[in-house]
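Residue numbers (our numbering), protein chains in the order written: chain A, 1 to 485; chain B, 1001 to 1154.
Keep in mind that the hints were calculated from the coordinates and are not lab data.
C-beta atoms are modelled at their ideal positions from N, C-alpha and C, and glycine is treated no differently.
There may be inaccurate statements among the hints.
Residues of chain B clear of chain A, computed beta-carbon distances all greater than 10 angstroms [stated by the list, open to error]:
#1 1006
#2 1012
#3 1017
#4 1027
#5 1028
#6 1035
#7 1052
#8 1054
#9 1058
#10 1116
#11 1120
#12 1150
For lysine to aspartate or glutamate, the following EDC-like pairs were computed, each having C-alpha atoms within a straight-line distance of at most 20 angstroms [claimed, not checked]:
#13 1077/B <-> 361/A
#14 1148/B <-> 218/A
#15 429/A <-> 1051/B
#16 1077/B <-> 395/A
#17 379/A <-> 1080/B
#18 429/A <-> 1089/B
#19 429/A <-> 1080/B
#20 429/A <-> 1133/B
#21 429/A <-> 1075/B
#22 1148/B <-> 246/A
#23 1106/B <-> 395/A
#24 1148/B <-> 382/A
#25 73/A <-> 182/A
#26 347/A <-> 202/A
#27 1109/B <-> 1089/B
#28 379/A <-> 1048/B
#29 1148/B <-> 398/A
#30 374/A <-> 218/A
#31 1148/B <-> 66/A
#32 429/A <-> 1147/B
#33 226/A <-> 265/A
#34 1077/B <-> 398/A
#35 1102/B <-> 395/A
#36 426/A <-> 1133/B
#37 1077/B <-> 246/A
#38 429/A <-> 1145/B
#39 379/A <-> 1051/B
#40 429/A <-> 1149/B
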Amino acid sequence: MKREQPQSFNTISVKERLIIPRQVMPEQDPLLRSGNFLEVNLGLSAEQAVIEAQRCIECKSPSCMDGCPVSIKIPDFIQLICNKDFLGAADKIKEDSSLPAVCGRVCPQETQCEEVCVVGKRFEPVAIGRLERFVADYAMLHSNGSPVTPDKPQPSGQKVAIVGSGPAGLAAASDLIKEGHEVTVFEALHEFGGVLVYGIPEFRLPKKILRQEVANLEAMGVKFVKNFIVGRSMTIQELMEEEGYDAMFLGLGAGLPRFMNIPGENLNGVYSANEFLTRSNLMRAYEFPEWDTPLYRAKHAIIVGGGNTAMDAVRTAKRLGAEEASIVYRRSEEEMPARNEEIHHAKEEGVKFMNLVNPIEFIGDEQGSVVAAKCLRMKLGEPDESGRRRPVPMEGSEFTMDIDMVVIAVGNGSNPLISQTTPAIKTNKWGNIIADEDGRTSMEGVFAGGDIVSGGATVILAMGAGRKSAIAINEYLKTKVWSVV
Amino acid sequence: MSLKQQIDSMNMNEIVDLCIDQEQQAIHLYTMARDQAKDEHAAIKFQELVDMETAHKVALQKFELENYLDLPPADLKVTDYLMEPVFNENLSTQEILILAAKREDKTAKMYQDLANHFTSDKKLNTFFQMMADEELRHKHNLETEYEKEFLQEG
């Protein structure tokens, strides 16, 4: 189907638009922010947003939407910004995304919508993510705390359980409630948001943003149940058979930390990124002793890994007072999976990067606390399957450095609880749930999506999976036809 | 008597039989592990290892060593510094990969050692070098799988 061209509110010629510089996001000063947990990016002003929106050249065949996993109508909402209709722009985004304020902050736009922006072929791409964030924040600010919700649909009489309140679960819940189903989200932790709340620090995604998004869903009628571990509190079968759920969506995420399996990983002071970030983000260890969760304040913390989780952990360690906080990464900066913005911010905040270095042992003192890391220097060899050049150890390059804290951020696996308690749901050899492209699992009525199926990925991909499953769940509830996975 | 001394007194067929025996030990070990594994996917992984070693054993029996003439890929050394898990029925896929890669490494080193010992005997030297290369090839495949899944560097 051919897409209709949005109404243009941009009166500037294309030639003039192309010379408008990309608007710079105001930020907290690096020196100041490395000592607090307040948000780093401060958001575009309304004037900046309009100028940035005017950079869009209104392509006849816009590729930006193809780069968005949930196909937000990017050209449409940008034109509404040009017209200063910020609430209209927010509504336009909400048609396809239930978490715009979140995605505007944490989505890797540079590898998605902005990567394929036509302006970006010759100039810097339109800052789509910053515009998304601006309108989402604007809408929140101007709703006076009372969420704007669509009219309630006719009840369908069908009950859907969503397991996990991360991005996949919230996106699925948002779409299913609009269909009139009774939707309940079950969360194992004491706060909603999944990885968005336990994994992403306050300085990147303030909790109040997420709480507002959850409040929006609650206002739409979604029920939220916390401290409820599906597989322990009740099994999937019990929920379906005893509680009468007609369908279920599993959006459990990949929350099982992986370790390196090198000597010394069980010493005191060696954390998984999951534990470290959960203590800080969810349990507010950075406000100890006001909040009752301790977290070691290191002199020299090293964080092993090169992804966004590693960046979050190292910047958290710095903010917690580490005199020195270093990334230890076995490849070079070019191969780092972390967003460029996060690497840039970390450097500004004084984080040291030890690239082409790999720990091979952690050494402890008599009390069993880590005091040193034995490492090897690496060199880059031929590219591997991911296309990144593979690190190879350099002979005789071993060295030891004094440290007093380690955070391992080399990736996450799937929690085995569901596969252990519900054998009818098939998993692959890595423990991920096997599901078809619409999220159908091997158990009738049970769908799954997000990291629990794909392994660790991005927030927006998880949301896309949640939305796709919501369509399939809706179809299943109407027809009760089930195709076996 | 050391392995090298044993081999000094063997003919080529006896040496090949000795290598087949090495493969058979590996097959036995992985079969046992497969049967004991509590996790279905761990059992599948062990079966893959059984298949890999069986193919190697069959090639040795047929003396189809021309299949192994290609130089092995670089030794990634991904698992060299990792702790070796102890065999048990609850091994995870991550532990199985470490265990198997370390085993291949040890066997490769043994064959390489033998190749170095028999430098003056061209036939034996080539044979052991090919065996060492093949074990390194196995190790490379296991480490590639390990790297892809367990070193995502998030």
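Against the structure, the hints:
Remark: the non-interface label on residue 1006/B is consistent with the geometry, its nearest Cβ contact in chain A lying 32 angstroms away (cut-off 10 angstroms). Residue 1012/B, annotated as away from the interface, keeps every beta carbon of chain A farther than 10 angstroms; the closest lies near 34 angstroms. With 10 angstroms as the threshold on Cβ separation, the claim that residue 1017/B sits away from chain A holds: the shortest Cβ distance comes to roughly 35 angstroms. Residue-level check passed: residue 1027/B sits 21 angstroms from the nearest beta carbon of chain A, beyond 10 angstroms.
A cut-off of 10 angstroms between C-beta atoms confirms that residue 1028/B is not in contact with chain A; the least separation is 23 angstroms. With a cut of 10 angstroms on Cβ distances, residue 1035/B stays outside the contact zone with chain A, its closest approach being about 18 angstroms. A cut-off of 10 angstroms between C-beta atoms confirms that residue 1052/B is not in contact with chain A; the least separation is 15 angstroms. The claim that residue 1054/B is not at the interface with chain A holds, since no C-beta of that chain comes within 10 angstroms of its own (minimum 20 angstroms).
The Cβ of residue 1058/B sits about 25 angstroms from the closest Cβ of chain A, beyond the 10 angstroms cut-off, so the non-interface label holds. For residue 1116/B, the condition that its CB be more than 10 angstroms from all CB atoms of chain A holds, with the nearest at approximately 18 angstroms. Under the 10 angstroms C-beta cut-off, the non-interface status given to residue 1120/B relative to chain A holds; the minimum distance is some 28 angstroms. Not every Cβ of chain A is farther than 10 angstroms from the Cβ of residue 1150/B; the closest lies at roughly 6 angstroms, contradicting the non-interface assignment.
Proposed proximity of residue 1077/B and residue 361/A is supported: the alpha carbons are some 15 angstroms apart, at most 20 angstroms. The straight-line distance between the Cα atoms of residue 1148/B and residue 218/A is roughly 40 angstroms, outside the 20 angstroms bound, and the hint therefore fails. Distance check on the hinted pair: residue 429/A and residue 1051/B sit about 17 angstroms apart at the alpha-carbon level, within 20 angstroms; holds. Annotation: proposed proximity of residue 1077/B to residue 395/A holds, straight-line Cα distance about 11 angstroms (limit 20 angstroms).
Note on residue 379/A and residue 1080/B: the hinted pairing holds, with a Cα-Cα distance of about 16 angstroms set against a maximum of 20 angstroms. At roughly 16 angstroms between alpha-carbon atoms, residue 429/A and residue 1089/B fall within 20 angstroms of each other, so this suggested pair holds. Between residue 429/A and residue 1080/B, the direct Cα distance comes to roughly 23 angstroms. Violation of the 20 angstroms bound is thereby established for this hinted pair. Restraint check for residue 429/A and residue 1133/B: the C-alpha separation of about 28 angstroms exceeds 20 angstroms, so the hint is violated.
Between residue 429/A and residue 1075/B the CA atoms are separated by roughly 25 angstroms; this puts the pair beyond 20 angstroms, and the hint is violated. Between the alpha carbons of residue 1148/B and residue 246/A the distance comes to roughly 38 angstroms, so the proposed pair goes past 20 angstroms and is violated. Distance check on the hinted pair: residue 1106/B and residue 395/A sit about 19 angstroms apart at the alpha-carbon level, within 20 angstroms; holds. Between residue 1148/B and residue 382/A, the direct Cα distance comes to roughly 15 angstroms. Compliance with the 20 angstroms bound is thereby established for this hinted pair.
At most 20 angstroms may separate the alpha-carbon atoms for a hinted pair to count; residue 73/A and residue 182/A exceed this at roughly 28 angstroms. For the hint pairing residue 347/A with residue 202/A, the CA-to-CA distance comes to about 18 angstroms; that is within 20 angstroms, so the pair holds. A threshold of 20 angstroms between alpha carbons decides the hint, and for residue 1109/B with residue 1089/B the separation of about 28 angstroms lies outside it, so the pair is violated. Proposed proximity of residue 379/A and residue 1048/B is contradicted: the alpha carbons are some 32 angstroms apart, above 20 angstroms.
The hinted pair formed by residue 1148/B and residue 398/A fails the criterion: a straight-line CA distance of about 25 angstroms is larger than 20 angstroms. The straight-line distance between the Cα atoms of residue 374/A and residue 218/A is roughly 50 angstroms, outside the 20 angstroms bound, and the hint therefore fails. The hinted pair formed by residue 1148/B and residue 66/A fails the criterion: a straight-line CA distance of about 28 angstroms is larger than 20 angstroms. Only pairs whose Cα atoms come within 20 angstroms are accepted, and residue 429/A paired with residue 1147/B is accepted, the gap being roughly 15 angstroms.
Between residue 226/A and residue 265/A the CA atoms are separated by roughly 32 angstroms; this puts the pair beyond 20 angstroms, and the hint is violated. Proposed proximity of residue 1077/B and residue 398/A is supported: the alpha carbons are some 14 angstroms apart, at most 20 angstroms. Of the pairs offered as hints, the one joining residue 1102/B and residue 395/A holds, with about 19 angstroms between alpha carbons and a cut-off of 20 angstroms not exceeded. Among the hinted pairs, residue 426/A with residue 1133/B is inconsistent with the structure: their alpha-carbon atoms are about 37 angstroms apart, more than 20 angstroms.
The hinted pair formed by residue 1077/B and residue 246/A fails the criterion: a straight-line CA distance of about 50 angstroms is larger than 20 angstroms. For the proposed pair residue 429/A and residue 1145/B, the alpha carbon gap of about 12 angstroms is at most 20 angstroms, so the pair holds. Restraint check: the Cα-Cα separation between residue 379/A and residue 1051/B comes to about 34 angstroms, which exceeds 20 angstroms; the hinted pair is violated. As the CA atoms of residue 429/A and residue 1149/B are separated by approximately 11 angstroms, the hinted pair is consistent with the 20 angstroms bound.
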